[in-house]
Amino acid sequence: MKGRVSRTESWAGLKAGPYNSLLAVLMLLVSAAPAFAHVQQGQAQGFLTGLRHPVSGLDHVLAMISVGLWGAQLGAPAVWLLPVTFPMVMAFGGFLGLVGIPLPGVEVGIALSAVLLGLMVAREAKPSLVAAALLVGFFAIFHGHAHGTELPPGQSGLMYSIGFVIATGCLHGVGIAIGVVHKWPAGKAALRFAGALVALAGLGFLWRAFA
Amino acid sequence: MRFSVAIASRRRGLALGVLACALLPSPAEAHLVTTGLGPIYDGISHVLMSPDDLVPVLAMALLAGLNGPVAGRRTLFALTGAWLVGGMAGFLVGQTLVPSTITTASFLVIGGLTAADRRMSPTVVTALAVVVGLLHGWLNGAGIAVSQREALGLAGIVSAIFVLVAVASAFVVSLRIGWMRIAVRVVGSWVAAIGLLMLGWSLRG
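Residue numbers (this note's numbering), protein chains in the order written: chain A, 1 to 211; chain B, 1 to 205.
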């Protein structure tokens, strides 16, 4: 070992190992200098606003998770087709809102989405793939129209959109992950019960929309 | 009857006006990051911190990876080469000439094709990579010229793109598990959705 440093030794007599490496990385991160001169403003804030927005409304959260749950019940290929369909059609709804095309009964549409998607999960309905995609896509327009345009002034629209789409996709992922319990009989019953609860919550939203 | 014709005509005029506003070339915004380490590192940082360039690059890499190793290899060189050529041309001309809104087309087309996962020939994928590279490279180069930065920043931009495409497309090519390919398609749908929303923001102004 003469003239060489063993793997367990390093500079200043400190032992090299995963914890020391981690500590070094953490120290580097903590001591990082702030970024200067990046002229695009409102980037991080826009992203965080977009990321937070879908999870800030229970109606949106329940509908998104229901899409994932229903996909898990339907199995392949619906389990991935529905989460692919939803963000694209939702973005179309957001596009309509952004260019100023009005959509009547947005709040009612969102509430109905929770009712119907909840019912689909509760009844473990298995329509054709096209019918399922059409149902999910139809309600996605309302969600996009209502939530896709709510960008606070001074924030980046692009970053808001990225955050918004990622958060929505992650909510679908949560639904699909929960839907894994569908493999077990008790899990099946639990999913159906959860679907019924979502439908009931949707009725509450519907009541509020008409009130 | 005449009244409805007048309304239709006015609506058509309004739509044309909105379209014209959207297509007006906007001033170039290079928004290169100043790292203090020189133009090469500024260029590298630009790619990593600018989602309007980073997202299409990654989406292009995913699309190439889904279409196999030949498409992946060709895209690696076609995208970076076209980006460099477009960037140099944009730098020399010094003007964007095209509206920046057009970059949303990269999001929509590449994201949509990735989501669809239709097998395409490597030639088509390479041609797409060339178009994306020329378009985004041109805007980068013109932006650098307008903000009076060094053209060497383009070398940093292209280097970063080369590494990103190499890693991302090779990763997708290596995927053998079905659900992981599906995850790539889901990401493609997200990119298309972001593109559609971006288009909306651009039209809104």
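Everything labelled a hint here was simulated from the structure, so no lab data went into it.
All C-beta atoms, glycine included, are put in the ideal place defined by N, C-alpha and C.
Check each hint, because a few of them may be wrong.
[Said to hold, decoys possible] Which chain B residues face chain A? A few, computed with CB under 10 Å, are given here:
| hint | residue |
| --- | --- |
| 1 | 68 |
| 2 | 69 |
| 3 | 73 |
| 4 | 111 |
| 5 | 173 |
| 6 | 175 |
| 7 | 176 |
| 8 | 195 |
Against the structure, the hints:
At its closest, the beta carbon of residue 68 (chain B) sits 21 Å from a beta carbon of chain A; the interface hint therefore is violated under the 10 Å criterion. A cut of 10 Å between beta carbons decides the hint on residue 69 (chain B): the least distance to chain A is about 24 Å, and the hint is violated. With a least beta-carbon distance of about 27 Å to chain A, the hint placing residue 73 (chain B) at the interface is violated under the 10 Å criterion. For residue 111 (chain B), the interface hint holds, the least distance from its beta-carbon to any beta-carbon of chain A being 9 Å, beneath 10 Å.
The interface hint given for residue 173 (chain B) is violated, since its Cβ lies 20 Å from the closest Cβ of chain A, which is over the 10 Å cut-off. A distance limit of 10 Å between C-beta atoms decides the matter here; for residue 175 (chain B) the minimum to chain A is near 14 Å, and the interface restraint is violated. At its closest, the beta carbon of residue 176 (chain B) sits 17 Å from a beta carbon of chain A; the interface hint therefore is violated under the 10 Å criterion. Look at residue 195 (chain B): its Cβ gets to within about 8 Å of chain A, closer than 10 Å, so that hint holds up.
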